[in-house]
Amino acid sequence: MKMEFDIASGDFKKAGRASSQIKKVLKQLQVDPKIIKRIVVAIYEAEVNIVAHSFGGKLTALINGNSIEVTLTDCGPGIKDVEQAMQEGFSTASKEVRDMGFGAGMGLPNIRKNTDEMNVTSEWGVGTTVWFRNQF
Amino acid sequence: MQTVIKEEVEMKVSDLVEKFGLKVFSGEDGLDREVTGGYVSDLLSDVMGNAGEGDVWITLQTHQNVMAIASLKDLAAVILVKDREPEEDTLEHSNEESIPILGTNRQTFEIAGKLYNVLNQ
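Chains as they are written, first to last, in the working numbering: chain A, 890 to 1025; chain B, 48 to 168.
Simulated from the structure, these hints should not be mistaken for laboratory data. Computed from a predicted model, the values in this text were never measured in an experiment. Keep in mind that the hints are not guaranteed to be accurate.
As the list claims (entries may be wrong) - Subject to a maximum C-alpha distance of 30 Å in a straight line, what follows is the list of computed DSBU-like cross-link-like pairs (lysine-lysine):
1) K923(A) to K902(A)
2) K947(A) to K923(A)
3) K903(A) to K129(B)
4) K161(B) to K66(B)
5) K161(B) to K70(B)
6) K70(B) to K902(A)
7) K161(B) to K129(B)
8) K66(B) to K913(A)
9) K66(B) to K129(B)
10) K902(A) to K969(A)
11) K923(A) to K59(B)
12) K984(A) to K129(B)
13) K59(B) to K926(A)
14) K913(A) to K891(A)
15) K891(A) to K916(A)
16) K947(A) to K891(A)
17) K66(B) to K902(A)
18) K916(A) to K59(B)
19) K916(A) to K66(B)
20) K129(B) to K59(B)
21) K903(A) to K66(B)
What the hints assert, rightly or not - Here are the in silico distance ranges between beta carbons for each label pair:
22) G99(B) to D1005(A): 17 to 23 Å
23) S145(B) to K923(A): 20 to 26 Å
24) G68(B) to D895(A): 41 to 47 Å
For every residue, glycine included, the Cβ atom is placed at its ideal position computed from N, Cα and C.
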């Protein structure tokens, strides 16, 4: 099964739409609730990252019998130093975003903690792709 | 010597409303949700990463993403401190998800202390 979502830049009201719908599907598929809880955290954080930091992007989730694989691609601006971005506490979020309670530098670390496999590739001036997978 | 058997008493959101005199803004259908713990934070990723199912979340954030998180994490309820009021779309989302948004005039330290005591009695 393939699910696709467009994620608009700056649209915080819709952040959580993809994670919420994917959660419903995984529940229907009777996936172990513990696994659903983990993947949902990862998807939400990844959605928020696109809303808060990018010019917009897309999320694709592939669900099969024994795993869920999620790919998020955005159309820039990219991450200058991926290793630094993966460190807990590092953030480039604006004051406005921080005032909402986002931008604590926990997004990418939360994704790493809640997924079995994760990969981030980014090119400054081009865009970022975040990929992760959890086994059922 | 007397043996005291401590009974596990189920705590519901409605019990907290009554005990602490909380205002119910929305999500009335969820007042019978069971409360198993609490979490205090205004950083959304912290809550996303660390709150547990059945927790009551105490915060001063009032925007709609609060409900997105409450729903994704299966929280029992949200308590807004210091007379803060939820935004309109936060209320709507709370009603859709049947996760109550509650309010208190107390500040976080006080209401968290009360909740902690009640849950650890």
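Taking the hints in turn, this is what the structure says about them:
1. K923(A) to K902(A): holds, 26 Å
2. K947(A) to K923(A): The given pair, whose Cα atoms are some 26 Å apart, holds under the 30 Å limit.
3. K903(A) to K129(B): holds, 27 Å
4. K161(B) to K66(B): holds, 9 Å
5. K161(B) to K70(B): Holds - the C-alpha atoms of K70(B) and K161(B) are around 16 Å apart, at most 30 Å.
6. K70(B) to K902(A): Holds - the C-alpha atoms of K902(A) and K70(B) are around 25 Å apart, at most 30 Å.
7. K161(B) to K129(B): holds, 15 Å
8. K66(B) to K913(A): violated, 34 Å
9. K66(B) to K129(B): The hint holds at about 17 Å.
10. K902(A) to K969(A): holds, 27 Å
11. K923(A) to K59(B): holds, 23 Å
12. K984(A) to K129(B): Holds, because 23 Å separates the two Cα atoms, which is no more than 30 Å.
13. K59(B) to K926(A): Holds: K59(B) and K926(A) sit about 22 Å apart, inside 30 Å.
14. K913(A) to K891(A): holds, 14 Å
15. K891(A) to K916(A): This hinted pair holds, its Cα atoms lying about 16 Å apart.
16. K947(A) to K891(A): Roughly 13 Å separates the two Cα atoms, so the pair holds.
17. K66(B) to K902(A): violated, 33 Å
18. K916(A) to K59(B): Since the Cα atoms of K916(A) and K59(B) sit roughly 24 Å apart, the hinted pair holds (cutoff 30 Å).
19. K916(A) to K66(B): Violated. K916(A) to K66(B) sits at ~34 Å, over the 30 Å cutoff.
20. K129(B) to K59(B): holds, 22 Å
21. K903(A) to K66(B): violated, 35 Å
22. G99(B) to D1005(A): 17 to 23 Å: holds, 21 Å
23. S145(B) to K923(A): 20 to 26 Å: holds, 23 Å
24. G68(B) to D895(A): 41 to 47 Å: holds, 44 Å
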